[in-house]
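**Student:** For reference, the chains in residue letters:
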Amino acid sequence: MQRIMAEKAKELLQNGTVNRVLGWKKGEFVYDITPAVFNNTEEIDAEFVYDDFCANNLSKYLIKESRKEGKVLVFLKPCDTYSFNQLLKEHRIWRDHVYAVGIPCDGKIDLDCLKKQDIQGIVGIETQNDNFIIHTLYGDHTIAKEDALAERCLNCKSKKHVIYDELIGRDGEVLDSHRFDMVEKIEAMTPDERFAFWRGEFSRCIRCNACRNVCPACSCENCVFDNPKSGIANKAAADSFEENMFHIIRAFHVAGRCTDCGECSRVCPQNIPLHLLNRKFIKDINEFYGTYQAGEDTESRAPLNIYNTEDVEPSIVYKKGGNH
Amino acid sequence: MIFSYYPGCTLKTKAKELNFYAYQSAKALGIELQELPEWQCCGGTYPMAKDETATKLSSVRALTLARDLGNDLVTLCSACHNVLKQVNNDMQNDEKIASKANIYLQLKTPYHGETKVLHYLEVLRDCIGFEEIAKKVVNPLKGKKIAAYYGCLLLRPSKVMQMDNPENPRIIEDFIKAIGAEPVIYPFRNECCGGYLTMEDKALTQKKSNTVMGSAQEFGAEMITTACPLCLYNLRKNATEHDLPVIYFTELLAEALGVKED
Amino acid sequence: MDNKEKQKERILRVSGVNVLKCMKCGKCSGTCPSYDEMDYHPHQFVYMVEKGEIEPLLKSKSIYKCLSCFACVERCPRGVEPAKIVEAIRLEVIRKQGENHLKPNQIPQLLDEDLPQQAIVSAFRKYSK
Amino acid sequence: MQVNEIKEFRPKIVAFCCNWCSYAGADLAGTNRLNYPSDVKIIRVPCSCRVNPMFILRAFQRGADGVIICGCHPGDCHYTSGNYYARRRMTLLFSMLDYLGIEKERTRVEWVSAAEGAKFAATMNDFVETITKLGENKRLEDLRCKE
Amino acid sequence: MQKIGVFVCWCGSNIAATVDVSAVSEALSHEPGVVYATNYQYMCSEAGQNTIKDAIKKYGLTGIVICSCSPRMHEATFRKTAAAAGLNPYMVEIANIREQCSWIHKDMATATEKAIILGKAAIAKVHLNAPLTASQSPVVKRALVIGGGIAGIQTALDIADAGFEVDIVEKSPTIGGKMSQLDKTFPTLDCAACILTPKMVDVAQHEKIKIYSYSEVEAVKGFVGNFEVTIRKKARYVNENVCTGCGLCTEKCPQKNVPNEFNLGMDKRRAIYIPFAQAVPKVATIDANYCMKLKTGKCGLCEKICTAGAIDYSQKDQLIEQKYGAIVVATGFNPIKLDNFEEYSYSQSPDVVTSLEFERITNAAGPTSGQLLRPSDGKHPHTIVFVQCVGSRDTSGCGKPYCSKICCMYTAKHAMLTREKYPDTDVYVFYIDVRTPGKNFDEFYRRAAEEYGVHYIKGMVGKVAPKADGKLMVQASDLISNEQLHIDADMVVLATAIEPDKSARPLATMLTASMDTNDFFTEAHPKLRPVESPTAGIFLSGTCQGPKDIPETVSQAGAAAAKVIGLLAKDTLTANPCVAHSDEMMCNGCSSCEKVCPYGAITYVDKEFRMPDRTVAIRRVAVVNEAVCQGCGACTVACPSGAMDLKGFSNSQIMAEVDAICK
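Residue numbers (the numbering used here), protein chains in the order written: chain A, 1 to 324; chain B, 325 to 586; chain C, 587 to 715; chain D, 716 to 862; chain E, 863 to 1525.
These aren't lab readings, by the way, just hints derived from the structure by calculation.
Be aware that a few hints might be false.
[Claimed, not checked] DSS-like cross-link-like pairs, simulated, lysine-lysine; straight-line CA separation at most 27 Å:
1. 1199(E) x 1329(E)
2. 338(B) x 689(C)
3. 420(B) x 848(D)
4. 561(B) x 1329(E)
5. 645(C) x 531(B)
[Claimed, not checked] According to the in silico footprint, chain B covers these stretches of chain C (three or more CB under 8 Å from chain B):
6. 604-615
7. 626-637
8. 670-677
9. 698-709
For each residue, glycine too, the CB sits at the ideal point set by N, CA and C.
With the hints as extra help, turn the sequences into a complete structure.
**Tutor:** Following this line, the structure appears as structure tokens:
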């Protein structure tokens, strides 16, 4: 796949369709992937990579990249296309400066899973049926995919590319995932348990802002948490309230816009399951206002920017909101 | 269509034909009435007092049983229908009564009025449809002028019974039309026959029953039909000045459907 | 609270009726089928309970004449439910030891071969505790 | 000091009222001299849709024990649709607070028209009672803001 | 730092009786920024206002806080006061310590404590206030009156007489409304048609009034001074400008079996019809539900016989767009449906009629040509029972909780006229209370009882039972004699409750005017602004605001007209400056705000920005049209970046209030 993509990139660079390519490159280690812009075929030959470690959602980078001169080629996994579409809907990306190539994805590895299995010194990876063969300095490890894939990939919501200029490989389907199972589990807890659960999670937050910086929906010119005029500007949480506040407000600001790409949880150095906040909003929106998938298209109105005169009353929360 | 069925004590004794013809007709209409495995007398009259719980428990048991079977609960006797619907309403809306009843009965899943209670007539109207019934009539009661007698328990209190317009009902009239006969509308069809006062004050009951039957007769009725054993009794026994036949509606139904066996 | 007030309070509680909602239109009495057999009439029950004049009602024969036909409940424009007041007054009487209006030994002579069970249990429930 | 005097808990309650219906409803409650506890303090906003979740969190941070938002009945919004947006926003926000284990009873939305002075007073009495039963807001407090 | 003055009003004893006003001014004087604090008996009085003006000048105040009654009451007053002293009027904040404090709390300590907190919140807010300048918008000098009954007619005439253009939109083919269906009017017994018809003609002939009959309001946009209204003129299949109203077609049309709504269905009209002789405009209308030509294509008789050539079967509904400066609602009432009152056998006997039907029966142009004959057999009734409060004062859910106000009087009128014309008739009136608060009203009612021998019985009818012999058995209680009565009547007349016309609710939504739970329009102030809706530019005339008799309706109609004239006399209006504003440095251009704006006040522009690194970036940013924005604030919450804020109710102002209250 990497080879086909690299060839495609070079072809489009050479025939002048695009001026730059947005893709992935290795860092210091093979699993240490970073997004990168390649300006010519040489750079692609030297550094372009696409493998089971390339988890990053590249769509957010297009906010800046698409505003530059010329056209940029971007490779988008199915879930990334939702973010891309959502950003288009919000007029954040200049569409005619982007050449989007949809690429297939069979799920990406969660490095923490490998760490837990005590797999170290990784130098390469291969796929074999339902397993990954991890090459390490100390020999090969075989690990079942379900033990190595990220949670968001195990619960993949869609293998379908909702937007692209060109597709490599075949398009997939929207999947019937179990992504709300954990939300339901939390809902079934007592309020005390829920409170304890989230306190346990949020208290680890170090306000590194990684979640915010990676989130395609958190792309404000000036975040309210950085803006002294907003009244809630805050650089580091001083106490539990501010920990809660940051995450509630962040989740609320992306409610109805979050495509559930899962980048927030992926990048959190403290492993806070932030996606469970977003999924709660998504689940509620689906239940209260009908199924809605942000980024599925560019026309529909976001659930918080529309209403129905017959909408449920807020008091529904008292009736159904989980356990007492 | 399967329903749980609550016959009530009178239908097992003095009003056997009300029950019998209901079964026969149901069969002909493709309805299965499954008698609740254990039921007790509803008490005949709804205990209105807010502090009465014990007297409501037999109804709650029946309602809970139907819920656990996953069926709507059908009744036939006007009194049972009235008591079951009113108690069910309490279980839905009166927190105090509901919590007391649930504590008494120590139910696994507390009951809060989930069961839908239907009168047999409502099944005919809402689940089958009078038009459908008309199609299945093989023996239309052509030319018969029949007066529907509702009495008080079938329709009132209308907010709870939710059956028909309490002052100008049409469910039995529509039923009468469906079986090919001609309904007679008269103003006393929803006024009381004297009810259980027949035990206490015959004169009063006779006055009431006479007014009802007299009014029906005045408007040309040849026969009165009812759903209530006590109404039937009073009209037959206590309407001393008149002499119209009084027949359960299920008997008419069975006759029209051609399934009436004696 | 003296006994009279307690009694009133009990009747209001047992009936669940708010007598203050009554606007004294008299529709309950205009509608009652047992009116002529009663010494006190439905609207008087409501008003006398409001005034706390309960004693005469306890002695009234009206409480055994009410048919519980719910006509007054159905037609009351204020949702007062006079029948429930009548029931509460009757209970106030028959709940006392020895005050049953209908005693089991009276029943056999009241029966005839067609009388439905429904009539017996209803009457028993209405008149006895 | 051996025994701390137990102070009777008096909740702090912030009520956001839309200018057209609920604030007028509150005025009517006053005109009709309908009592409700002084613990309720009203902030006038043009419309219930002006209420930002930030305000609600801010109130809890600064020591509020309950926050209630009152607007025109659905269909009656002075701005035609504001309360519909507010309804969605608050439904989702309250559900999230509940999900985080924060007592859902501390937040409420009520529709009170300009003609419903009695409803306004009854609502406030009920809300204060609920909050008083719940006690002090502990789960969304900011200790630095407490005396 | 602002220099703030605090003014605490006693409101006589309204505030001072429960709030220690001097304690409040004392406490607030120590708040940061407060340079002057005082209290006074009546801040809204001239002396009170002078105190404020003097303090503004003397202390150079930059902001003031008035602790007084509701801002809905006197905010405008105090803003004017500030402006008169040279202070920007939007530097005024009101702490509502009357309606929301002194009037609801009994304990002085509690009320005082709360008043101080409310004062602090207002001070906190005013610290963040900025002077605002209201923009001016022109006033369209034309009024719209919705509804052509007596209320609409009177309002339209009064506005037109003052020299302004008025359009009346009436949904039926003629103006005249309910009053045109009445026979006599209480308490003077003059004939309704005799006093209404001249007014209808005045309307038709007034050069400033245009009638859109058979028309409905389809959509309303805009705001006070500048409403844009779409009117649907329904196809009547007759060219209004050509039809002479000769009525030939209405006699020749072969479709004779159409229930005549003017006579409440008690007789028939043709498919092409003129509702009644004095109709305005007097033109025919084809009822598309019955016309054979329109339904089947066959017939066409009216076209053939119309000498004027007015028939046009191809007519379509027409949409008319018109601008108005003010809108008057005069949608009127209807009797309620009696489905929930079948104990009176309304649908079971033709001889049980509503009062409005009785009105038609006694009217010379009615179905019986004014003869009192009962509908079932056309015989003269000898016993008539009138039942009052049918569906009024009903809290059971079957009827209306309010008193319909007019029934006592018209029933007395009906009873009296019946007895006068037909002395051989026994007339009974069952009543709960007889309510006669009006000039000459009680005298009128007493005449019915004393001079005309009408039997007034305190009690209520429980049941009306039609008998086979055609009589109606009326069972009722007589509360005074404590007996149940059974009267054999020939006719029963039900004084049916009235309710607002069904068109009022959707109209209220279009106008964003508020309604009460009974669908009556709410007035801006129940006593002081009874003919204005809280929504600026919308006025109320007649029974759409509450039950009223004719004299009251006419006075209110005139009052509404006076308010409209006051508005239209102005050339410009001052707009509300508390509008949304987008900080373009923070705006993402995401369109969230645009999506929720009910007024379409937000647009986007691509704008060049010089970035810190000296590059130039083009960004899409929101721009608010301040003339169109009404200041609801929906956009401010939809905006994820906090770029959108609302002047006068900014995020920081509201949070400052929150902080002050929670301290």
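**Student:** If a hint holds in the structure, say so; if it doesn't, say that too.
**Tutor:** Now the hints, each set against the structure:
no.: 1; hint: 1199(E) x 1329(E); verdict: 24 Å, holds
no.: 2; hint: 338(B) x 689(C); verdict: 22 Å, holds
no.: 3; hint: 420(B) x 848(D); verdict: 20 Å, holds
no.: 4; hint: 561(B) x 1329(E); verdict: 24 Å, holds
no.: 5; hint: 645(C) x 531(B); verdict: 24 Å, holds
no.: 6; hint: 604-615; verdict: violated (count 0)
no.: 7; hint: 626-637; verdict: violated (count 0)
no.: 8; hint: 670-677; verdict: holds (count 4)
no.: 9; hint: 698-709; verdict: holds (count 11)
In the structure shown, a violation is registered for the earlier hints numbered 6 and 7, in ascending order.
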